[in-house]
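Chemist: Listed below are the residues making up each chain.
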Amino acid sequence: MQTKSRTTVFLALLVLIAGASGLAQEAKVGHLDGNQRRGKDLYQRYCIYCHGKYGDGQGENAFYLDPKPRDFTTAVFKCRSTPTGTLPLDSDLYDTISRGVHGSGMPSWKPLTRQERVDLIAYIKSFSPKFTEEKPGTAIVIPDEPRNSPESVTRGSELFQSMNCWQCHGKEGRGNGPSAASLTDSKGHPIAPFDLTSGTKLKCGESDKGIFRDLTTGLDGTPMPSFSDALKPDQIWDLVHYIATLRRGKDSPKSELSESNGSH
Amino acid sequence: MKTNKIAQLALLAIAWFLLICPLTPSVEAESAEAGSSVAGTVKFQGTPPKGTRMEMSADPNCTKAHPGPVITQDIEVSAAGGLEDVVVYVSDGFGDKAFPPPSQPMVLEQKGCSYRPHVVALQANQKLEVVNADTTTHNIHPMPVNNREWNKIQPPGMPVEESFAREEIAIPVKCNVHPWMKGYVAVFKHPYFAVTDKNGNFTLKDLPPGNYTIKAWHEKLGTQSQMVTVAAGQSGKIDFIFRQ
Numbered sequence: 233m234q235t236k237s238r239t240t241v242f243l244a245l246l247v248l249i250a251g252a253s254g255l256a257q258e259a260k261v262g263h264l265d266g267n268q269r270r271g272k273d274l275y276q277r278y279c280i281y282c283h284g285k286y287g288d289g290q291g292e293n294a295f296y297l298d299p300k301p302r303d304f305t306t307a308v309f310k311c312r313s314t315p316t317g318t319l320p321l322d323s324d325l326y327d328t329i330s331r332g333v334h335g336s337g338m339p340s341w342k343p344l345t346r347q348e349r350v351d352l353i354a355y356i357k358s359f360s361p362k363f364t365e366e367k368p369g370t371a372i373v374i375p376d377e378p379r380n381s382p383e384s385v386t387r388g389s390e391l392f393q394s395m396n397c398w399q400c401h402g403k404e405g406r407g408n409g410p411s412a413a414s415l416t417d418s419k420g421h422p423i424a425p426f427d428l429t430s431g432t433k434l435k436c437g438e439s440d441k442g443i444f445r446d447l448t449t450g451l452d453g454t455p456m457p458s459f460s461d462a463l464k465p466d467q468i469w470d471l472v473h474y475i476a477t478l479r480r481g482k483d484s485p486k487s488e489l490s491e492s493n494g495s496h
Numbered sequence: 016m017k018t019n020k021i022a023q024l025a026l027l028a029i030a031w032f033l034l035i036c037p038l039t040p041s042v043e044a045e046s047a048e049a050g051s052s053v054a055g056t057v058k059f060q061g062t063p064p065k066g067t068r069m070e071m072s073a074d075p076n077c078t079k080a081h082p083g084p085v086i087t088q089d090i091e092v093s094a095a096g097g098l099e100d101v102v103v104y105v106s107d108g109f110g111d112k113a114f115p116p117p118s119q120p121m122v123l124e125q126k127g128c129s130y131r132p133h134v135v136a137l138q139a140n141q142k143l144e145v146v147n148a149d150t151t152t153h154n155i156h157p158m159p160v161n162n163r164e165w166n167k168i169q170p171p172g173m174p175v176e177e178s179f180a181r182e183e184i185a186i187p188v189k190c191n192v193h194p195w196m197k198g199y200v201a202v203f204k205h206p207y208f209a210v211t212d213k214n215g216n217f218t219l220k221d222l223p224p225g226n227y228t229i230k231a232w233h234e235k236l237g238t239q240s241q242m243v244t245v246a247a248g249q250s251g252k253i254d255f256i257f258r259q
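Each protein sequence line maps, in turn, to chains A and W. Positions 233 to 496 (my numbering) are the ones given, in order, by the first sequence. Positions 16 to 259 (my numbering) are the ones given, in order, by the second sequence.
Worth flagging that the hints you see were computed from the coordinates, not collected in a lab. Treat the hints with care, since some could be wrong.
What the hints assert, rightly or not - From the derived model, a few chain A residues whose C-beta atoms are all more than 10 angstroms from chain W:
{"no.": "1", "residue": "Gly291"}
{"no.": "2", "residue": "Ser340"}
{"no.": "3", "residue": "Glu366"}
{"no.": "4", "residue": "Leu434"}
{"no.": "5", "residue": "Pro455"}
{"no.": "6", "residue": "Met456"}
{"no.": "7", "residue": "Ser458"}
To be verified - Keeping only pairs whose Cα atoms sit at most 25 angstroms apart, straight-line, the calculated DSS-like set for lysine-lysine is:
{"no.": "8", "chain 1": "A", "residue 1": "Lys362", "chain 2": "W", "residue 2": "Lys142"}
{"no.": "9", "chain 1": "A", "residue 1": "Lys260", "chain 2": "A", "residue 2": "Lys441"}
{"no.": "10", "chain 1": "W", "residue 1": "Lys197", "chain 2": "W", "residue 2": "Lys112"}
{"no.": "11", "chain 1": "W", "residue 1": "Lys142", "chain 2": "A", "residue 2": "Lys367"}
{"no.": "12", "chain 1": "W", "residue 1": "Lys126", "chain 2": "W", "residue 2": "Lys79"}
{"no.": "13", "chain 1": "A", "residue 1": "Lys403", "chain 2": "W", "residue 2": "Lys79"}
{"no.": "14", "chain 1": "W", "residue 1": "Lys126", "chain 2": "W", "residue 2": "Lys213"}
{"no.": "15", "chain 1": "A", "residue 1": "Lys300", "chain 2": "W", "residue 2": "Lys197"}
{"no.": "16", "chain 1": "W", "residue 1": "Lys235", "chain 2": "A", "residue 2": "Lys419"}
{"no.": "17", "chain 1": "W", "residue 1": "Lys142", "chain 2": "W", "residue 2": "Lys112"}
Said to hold, decoys possible - If the Cβ cut is set under 10 angstroms, some of the chain W residues that face chain A in the computed set are:
{"no.": "18", "residue": "Arg68"}
{"no.": "19", "residue": "Met69"}
{"no.": "20", "residue": "Ser72"}
{"no.": "21", "residue": "Pro84"}
{"no.": "22", "residue": "Phe109"}
{"no.": "23", "residue": "Thr152"}
{"no.": "24", "residue": "Asn154"}
{"no.": "25", "residue": "Met158"}
{"no.": "26", "residue": "Lys167"}
{"no.": "27", "residue": "Ile168"}
{"no.": "28", "residue": "Val192"}
{"no.": "29", "residue": "His193"}
{"no.": "30", "residue": "Pro194"}
{"no.": "31", "residue": "Trp195"}
{"no.": "32", "residue": "Thr218"}
For glycine and all other residues, C-beta sits at the position ideal for the given N, C-alpha and C.
Let's have the full structure, built from the sequences with the hints guiding it.
Modeler: The structure is reproduced here in structure tokens:
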């Protein structure tokens, strides 16, 4: 009985503390704790012009940008380590702020200190009540990459066909599939499927593991779905290996390309 | 020590008001009073727009599933003027009463590269079973505002089971692979809703006696509402008319 009432008292205190602090948004990356108030100052200096005063992606520059700045009030994020339909980890937001989003107006914010970037995350999370109502998803597990082989590439190429990747990304991965022109993001803005042959950097990072992660989690808010329920990790690696051949095709010197078997 | 006890009690009381009170919805024992039903028809007045053809040729698996051309499902009107795929629901009248979700899932089928049914209504936290009965791969992509957005690739035969936690009327659902595919999922916190059949008919079953606002939502034609008083054991009738 005694312990029970103790627990209740403890819970009551917790509730009081949470109430008193106005359910302050917290952010934690590594050993750094984000400070929402400092984050707000930074936001108003660096982010507000695109993401807007209310975090809804409607800053004064937004009109000129394609793709549009993220609307933080929806709490939907492309680059995550967490499954589709779940909130990102603080470290995912940190990675995006640090890396920037290639092919968009979002630059790398590495010029800010680590602490400043974590402070920004604490403030950005305050734009959506979802961050107080829900927990972030559990990060997906990326198993070790099996050895790349022609067989794996072939299997990947078959999956590229059967999973209908080509409907958007095109038969040769050039981003010109039959559905490409119809695509919009979840706010109705037109969005182009990635040209896998372009050799430009991917939105959420370049590594093979990064591509594995994108295929597994999907890019929420865009037409790019999650493949985690449909494919086994080995099959996702097969796709990664195949996609690499499309990308390398563009990177390699022309002569080398024409001398190869031409199957790229 | 004594003050400690008093402090503990005070905190307990505060905890009760802060924590337990607001989270306990008033779940009243449902008196098995003869449930009254409200039924009616939703009609469309005017000339129904000609549907446009769904161009499916990008995926031969989809064209193969149909002997002839397929027309969009935006506004479906029967010969007698009944309007299909209207969500009719109680929008007000239950306060904060909580209703547990039914254990039966709602099924949304992808067949012939279109959604069957075109409009699905279910309760919050009720399972939505998405079936791919086609020979091609779809992605199932609901785009909610109040609920979490998710987007999954779904090869033939793979089951997808999901649910939505919050009321939302209605969530657009898309297949980005096949851009002509569009549907809606309406989510309610109570069980008093229906989707009109191909003749525009609906029935809201087992409504406890009371005053209700009944709304009718159509994806293209908007929302209408009517007040209705339901008396014990008497069935009511209301009709809606949409014009364009």
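Chemist: With reference to the structure, classify each hint as holding or not holding.
Modeler: Quick rundown of the hints versus the structure:
no.: 1; hint: Gly291; verdict: holds, 21 angstroms
no.: 2; hint: Ser340; verdict: holds, 26 angstroms
no.: 3; hint: Glu366; verdict: violated, 8 angstroms
no.: 4; hint: Leu434; verdict: holds, 18 angstroms
no.: 5; hint: Pro455; verdict: violated, 3 angstroms
no.: 6; hint: Met456; verdict: violated, 7 angstroms
no.: 7; hint: Ser458; verdict: violated, 5 angstroms
no.: 8; hint: A:Lys362 x W:Lys142; verdict: holds, 21 angstroms
no.: 9; hint: A:Lys260 x A:Lys441; verdict: holds, 24 angstroms
no.: 10; hint: W:Lys197 x W:Lys112; verdict: violated, 33 angstroms
no.: 11; hint: W:Lys142 x A:Lys367; verdict: holds, 21 angstroms
no.: 12; hint: W:Lys126 x W:Lys79; verdict: holds, 12 angstroms
no.: 13; hint: A:Lys403 x W:Lys79; verdict: holds, 21 angstroms
no.: 14; hint: W:Lys126 x W:Lys213; verdict: holds, 18 angstroms
no.: 15; hint: A:Lys300 x W:Lys197; verdict: holds, 24 angstroms
no.: 16; hint: W:Lys235 x A:Lys419; verdict: holds, 18 angstroms
no.: 17; hint: W:Lys142 x W:Lys112; verdict: holds, 21 angstroms
no.: 18; hint: Arg68; verdict: violated, 15 angstroms
no.: 19; hint: Met69; verdict: violated, 12 angstroms
no.: 20; hint: Ser72; verdict: holds, 8 angstroms
no.: 21; hint: Pro84; verdict: violated, 18 angstroms
no.: 22; hint: Phe109; verdict: violated, 22 angstroms
no.: 23; hint: Thr152; verdict: holds, 4 angstroms
no.: 24; hint: Asn154; verdict: holds, 4 angstroms
no.: 25; hint: Met158; verdict: holds, 5 angstroms
no.: 26; hint: Lys167; verdict: holds, 5 angstroms
no.: 27; hint: Ile168; verdict: holds, 4 angstroms
no.: 28; hint: Val192; verdict: holds, 5 angstroms
no.: 29; hint: His193; verdict: holds, 7 angstroms
no.: 30; hint: Pro194; verdict: holds, 4 angstroms
no.: 31; hint: Trp195; verdict: holds, 8 angstroms
no.: 32; hint: Thr218; verdict: violated, 33 angstroms
Consistency with the previously given hints fails for numbers 3, 5, 6, 7, 10, 18, 19, 21, 22, 32, ordered from lowest to highest.
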